[in-house]
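Visitor: Let's have the full structure, built from the sequences with the hints guiding it.
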Amino acid sequence: MSMETQLQMRRNVEQMHQTADELDSWLGDIGKRDASLRGKAVPTGGRAKVTAGDETDEEEEAREIEEAKEELRQERLRQETAAAETKGEGAMSAKKAAKAPQTHAQKYGQWDQYDADEVVRGIEEKEADQERLRKEVVRLENRRAQSKARKAAAAASAAAEALRLQGNEAFGAARYEEAVGKYTDALVHMPRSATLYANRALGLLKLHAYAEAEEDCDAALLIEPAHVKALLRRAQARHAGAKYDSALEDLERALEVEPRNSAARALMSECRRFKTLATPRPKAPLVKVAVEEVEHDPDNDDDAFVLALAEEPPSGLPNGDRSPTSSAASSAATSTASASSTDSADVAEGAGEVDGGTATEKSAAGGESVKAGGRRPTAGGGSAAAAGRARAVPTAAPTAESFALPSSLADMERGWRSLRGSPDEWAAWVGRIDPSAMINLFRTSLPADLFSAILVALDTYLSHSDPTRTLAILRALTSAGRFSILTMCLDKADRLAIDAVNIRLIEAQGRGEIPPDENLEALRKQYE
1 MSMETQLQMR RNVEQMHQTA DELDSWLGDI GKRDASLRGK AVPTGGRAKV TAGDETDEEE
61 EAREIEEAKE ELRQERLRQE TAAAETKGEG AMSAKKAAKA PQTHAQKYGQ WDQYDADEVV
121 RGIEEKEADQ ERLRKEVVRL ENRRAQSKAR KAAAAASAAA EALRLQGNEA FGAARYEEAV
181 GKYTDALVHM PRSATLYANR ALGLLKLHAY AEAEEDCDAA LLIEPAHVKA LLRRAQARHA
241 GAKYDSALED LERALEVEPR NSAARALMSE CRRFKTLATP RPKAPLVKVA VEEVEHDPDN
301 DDDAFVLALA EEPPSGLPNG DRSPTSSAAS SAATSTASAS STDSADVAEG AGEVDGGTAT
361 EKSAAGGESV KAGGRRPTAG GGSAAAAGRA RAVPTAAPTA ESFALPSSLA DMERGWRSLR
421 GSPDEWAAWV GRIDPSAMIN LFRTSLPADL FSAILVALDT YLSHSDPTRT LAILRALTSA
481 GRFSILTMCL DKADRLAIDA VNIRLIEAQG RGEIPPDENL EALRKQYE
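Going by UniProt numbering, the sequence shown opens with residue 1, and the numbers climb by one from there.
Hints in this document: simulated from the structure, not taken from any laboratory. Don't be surprised by glycine CBs; every beta carbon is placed ideally from N, CA and C. Certain hints may be false.
As the list claims (entries may be wrong) - Taking lysine-lysine and the BS3-like style, the derived pairs with C-alpha atoms no more than 30 angstroms apart in a straight line are:
1. Lys229 <-> Lys525
2. Lys32 <-> Lys126
3. Lys229 <-> Lys275
Said to hold, decoys possible - Pair ranges (Cβ atoms, derived):
4. Pro423 <-> Thr279: 23 to 29 angstroms
5. Asp411 <-> Ala472: 17 to 23 angstroms
6. Glu66 <-> Ala116: 36 to 42 angstroms
7. Ala153 <-> Asp491: 47 to 53 angstroms
8. Ser147 <-> Ala240: 45 to 51 angstroms
Guide: What follows is the structure in structure tokens.
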């Protein structure tokens, strides 16, 4: 073997030892770092105990990694040695060839002995072995890292659970600030726990920190959108901040998940009540009206409404057209005028002048001309004071005939607010509305108060007189927007009304007033 070949082999061995030393140094640093991490104490909740089984697993994983790395080093060393030997043999062959030149036939004979496929196969096998060893090392290191991550997560979960229990204990003892602190410490270990955010929100509600509580509920719902407790507590925070519409939205979402949640129903009723109280009522507009007193109005003398409300009939009407109320008022005015003395007449005359002057001022303000201080003869021969005195006209109660059929939800609500003082008129108006029109009126939404009023009208009046119409209205209401939420929030009186209506419908079906193929049981279940 030549000197150059020996020198090259020595260099290769030195390079191999240097690489092995660097790898050993790296392994030592990793081992020290791993030992320091194992010995680090848990920040809160005490040091996590590592069981003997866990230590055995870690040692086994470390041993497997070391074996795989050592095998990879040996494989590389073998390849480097083989490469050096091949290179040395090639150099010696070149020297021999230089000393004894070969003929072309000898060179061709050497090419016949050379197996290129075998050489390529050997190279591929070596590369495959290296790749296999490299993948094995990577797999073992990944498994070790995953195992460490799982253990760290388990330790964090245990610490967070311990802090959560401490927070619950402090909350039960009404130490709300301490409870909030414990929940905050627990969130350091488990920052994606919706339960911890919801618990801290409850503690903040007790401390009247409503804005912070709402933020915690927002975080909990980002992690778990269907977290019912977070929805309820955000609704409480918004209710405390007078955000009634937003609170009602949260309660509706909570009831969609838990339809029988009594706390959500109670808070929804309270939110609706406070929303009604907080809604400012528009002030009635001030209208300037010019008043002119007339004793005869040819345009309205024959109007039934005027005849029913006037204290005195118009002077031009015959006695037969006078209502009893108007006749009685006229007789009383006549007797009073006959019993008056001269002094009283003078006083009445002066009063008539004052009233006339007032009427003149009002007429002037309205842009109309009325003769001031003039006396007007009355039908019963009364004094000028009786003629000038302002009449007290009673307000007529609205009836179902006073309102046209509604074309929008606003018309429906206007009719209900006007007729709710007369339940029979309200029921009559509801009975006039076509059920198919109700589907369009309530397609978007149906206010809870209006829904209850319709149920009362059906129970009190319509179900007795027209069961078929009642059935059609009940079916139309099932198409209303948010119908399922409305049925969830019915109070006891509304449920009793629905039960009574269903009983009457069953009785009507037994009498043959409703077709026997109508599935009343399915309709009843829709209102449960």
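Visitor: Does each hint fit the structure? Answer for all of them.
Guide: These are the hints, each one checked on the structure:
At roughly 28 angstroms between alpha-carbon atoms, Lys229 and Lys525 fall within 30 angstroms of each other, so this suggested pair holds. Between Lys32 and Lys126, the direct Cα distance comes to roughly 34 angstroms. Violation of the 30 angstroms bound is thereby established for this hinted pair. Pair hint Lys229 plus Lys275 holds up; C-alpha atoms about 23 angstroms apart against a cutoff of 30 angstroms. Remark: the range hint 23 to 29 angstroms for Pro423 to Thr279 is upheld by a beta-carbon distance near 24 angstroms.
Between Asp411 and Ala472, the C-beta spacing of about 20 angstroms keeps the proposed range 17 to 23 angstroms intact. At roughly 38 angstroms, the beta-carbon separation of Glu66 and Ala116 lies within the given 36 to 42 angstroms, and the hint holds. A beta carbon spacing of about 48 angstroms between Ala153 and Asp491 agrees with the range 47 to 53 angstroms that was offered as a hint. Checking the proposed 45 to 51 angstroms range against Ser147 and Ala240 shows it holds: the Cβ atoms sit about 47 angstroms from each other.
In the structure shown, a violation is registered for the earlier hint numbered 2 alone.
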